[in-house]
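Here is how the chains run, residue by residue.
Protein chains: 2
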Amino acid sequence: MNKHTQSNSCQNGRINSFTQLSQMEQQPNKVRFGAEDIRIVDSMIDIIFPPVPFPSNKIFKTMGEEKIREMVWHHHRLLLKTKVGDLFPKNGDAFKMAVDKSADLFVEALGGDPIFTEQHGGFHLRMRHFKVPIDESDREIWLAMYKKTLKEIDFPKEHLEEFWNWIEALSIRMINRRTTMEAVKRHHWSKVRNELIGDKK
Amino acid sequence: MNKHTQSNSCQNGRINSFTQLSQMEQQPNKVRFGAEDIRIVDSMIDIIFPPVPFPSNKIFKTMGEEKIREMVWHHHRLLLKTKVGDLFPKNGDAFKMAVDKSADLFVEALGGDPIFTEQHGGFHLRMRHFKVPIDESDREIWLAMYKKTLKEIDFPKEHLEEFWNWIEALSIRMINRRTTMEAVKRHHWSKVRNELIGDKK
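From first to last, the protein sequence lines are chains A and B.
With this note's numbering, letter number 1 in the first sequence gets 1, and the count goes up by one each step, no holes.
To get this note's numbering, take the position in the second sequence, counting from 1, and add 1000.
Hints are computed from structural coordinates only; laboratory data are not their basis.
In this text the structure is predicted, and so the values were computed from the model without any measurement.
A few of these clues could be false.
Mimicking DSS-like on lysine-lysine, the simulated pairs with C-alpha atoms at most 27 angstroms apart in a straight line are [as the list claims (entries may be wrong)]:
hint, chain 1, residue 1, chain 2, residue 2
1, A, Lys83, A, Lys96
2, A, Lys83, A, Lys151
3, A, Lys67, A, Lys83
4, B, Lys1061, B, Lys1090
5, A, Lys185, B, Lys1131
6, A, Lys96, A, Lys147
7, B, Lys1081, A, Lys131
8, A, Lys61, A, Lys157
9, B, Lys1185, A, Lys131
10, A, Lys191, A, Lys151
11, B, Lys1061, B, Lys1151
12, B, Lys1083, B, Lys1061
13, A, Lys185, A, Lys61
14, A, Lys90, A, Lys61
15, A, Lys131, B, Lys1157
16, B, Lys1131, A, Lys81
17, B, Lys1131, A, Lys83
18, A, Lys131, A, Lys61
19, B, Lys1096, B, Lys1151
20, B, Lys1147, B, Lys1101
21, A, Lys131, B, Lys1101
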């Protein structure tokens, strides 16, 4: 909890995040609202989106384009069994287009040809997801289904950490519907390592 | 635009807001994604919620409880004619309860008895609104309907600025559904002053 809160704070600024409120000094002597003077409630921020370490091309070099595409499809088939599946088009062709587009992005981000950028111009993932409400629990599910995917497919173990650090941080940027004052939960590599490395022999 | 962006930036920190992106130095020589090395995309924040100046008890002393309650009802009747009205209970009794609760809060915040806090324990307005998705345009409407209310009722002119500065900043805290990278629009007193003071001579 302490770690999350720290990583969500604006270290050098005077601005606190909502999620720090519980840890802030209580000020019982603060004037009440509606008293003789105006009472100023401080600036606040919500989430500080952590840095996102985009992977090197090592993963593409090891897996190749087809395996990356298969991974993205595997993940989406799992998502369809969850409430996140409801966020995708019902129409089969439209769904396929959405997954293929996502696969294009993963191929490029992991070191393949810039097929996504050439067609769509930059990743801009937060912007692209605005039309769909994505809350904290949707992000948890998306990430959990990626963990399941990585356990079920033949992902090169030596690159798991690099891949995980990317998608764990990246997934936070898609949150555009807040439903809690809680800090967004982190799933650092150190916490998932055993489950991911240990599972397949 | 420049003013909005500045007020949304984390001045002393190294963290930028999404809304500053367009003004950030372009770095054409940055390594592309999926190259030899990991490429770290910086931390980002979304909204910095500005400070909220809660009014003094001058407004309550001038208006009294009944006039404040009438104002809150007036505002809600206007909201019902907009899309924000869809966020309220359809049931008449439930709607009345919601408006009365809001009126309790306004009475207390403006200097009356702490009837809201005694019943519900603190204002916690952001938290209380999480169950309803509220986006930037909902906030624009809510605030516009308050402006209309203030023009239509007999609000004491000498306290308009204090009241406006409160609701203008406060309304931003209710936003929990982001649909754009744009900075949240500010409606500073200097911009609305003429409309509010000038209207009723």
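Is the hinted pair lysine 1131 of chain B and lysine 81 of chain A satisfied, with a Cα-Cα distance of at most 27 angstroms?
-> Holds. Lysine 1131 of chain B to lysine 81 of chain A sits at ~25 angstroms (cutoff 27 angstroms).
Keeping to a limit of 27 angstroms between CA atoms, is the pair of lysine 1147 of chain B and lysine 1101 of chain B held or broken?
-> Holds. Lysine 1147 of chain B to lysine 1101 of chain B sits at ~21 angstroms (cutoff 27 angstroms).
Given the hint that lysine 96 of chain A pairs with lysine 147 of chain A, does the C-alpha gap stay at or below 27 angstroms?
-> Roughly 22 angstroms between the alpha carbons, so the hint for lysine 96 of chain A and lysine 147 of chain A holds.
Would you check the hint for lysine 83 of chain A and lysine 151 of chain A, treating anything up to 27 angstroms between C-alpha atoms as holding?
-> holds (21 angstroms)
Sort out whether lysine 1151 of chain B lies within 27 angstroms of lysine 1061 of chain B, counting only the CA atoms.
-> holds (20 angstroms)
Hey, lysine 1096 of chain B versus lysine 1151 of chain B, does the alpha-carbon distance stay inside 27 angstroms?
-> Holds, because 23 angstroms separates the two Cα atoms, which is no more than 27 angstroms.
Could you grab the alpha-carbon distance between lysine 1131 of chain B and lysine 83 of chain A and see if it respects the 27 angstroms cut-off?
-> holds (18 angstroms)
Could you grab the alpha-carbon distance between lysine 1185 of chain B and lysine 131 of chain A and see if it respects the 27 angstroms cut-off?
-> holds (20 angstroms)
CA of lysine 131 of chain A to CA of lysine 61 of chain A, is that 27 angstroms or under?
-> violated (34 angstroms)
27 angstroms Cα cutoff - pair lysine 67 of chain A, lysine 83 of chain A = The hint holds at about 26 angstroms.
Quick one, are lysine 131 of chain A and lysine 1101 of chain B close enough, alpha carbons at most 27 angstroms?
-> Given pair lysine 131 of chain A, lysine 1101 of chain B is violated - Cα atoms ~32 angstroms apart, limit 27 angstroms.
When you check the alpha-carbon spacing of lysine 1081 of chain B and lysine 131 of chain A, does it fall within 27 angstroms?
-> holds (25 angstroms)
Violated hints, listed in ascending order, are 4, 12, 13, 14, 15, 18, 21; each of the other numbered hints is respected by the structure.
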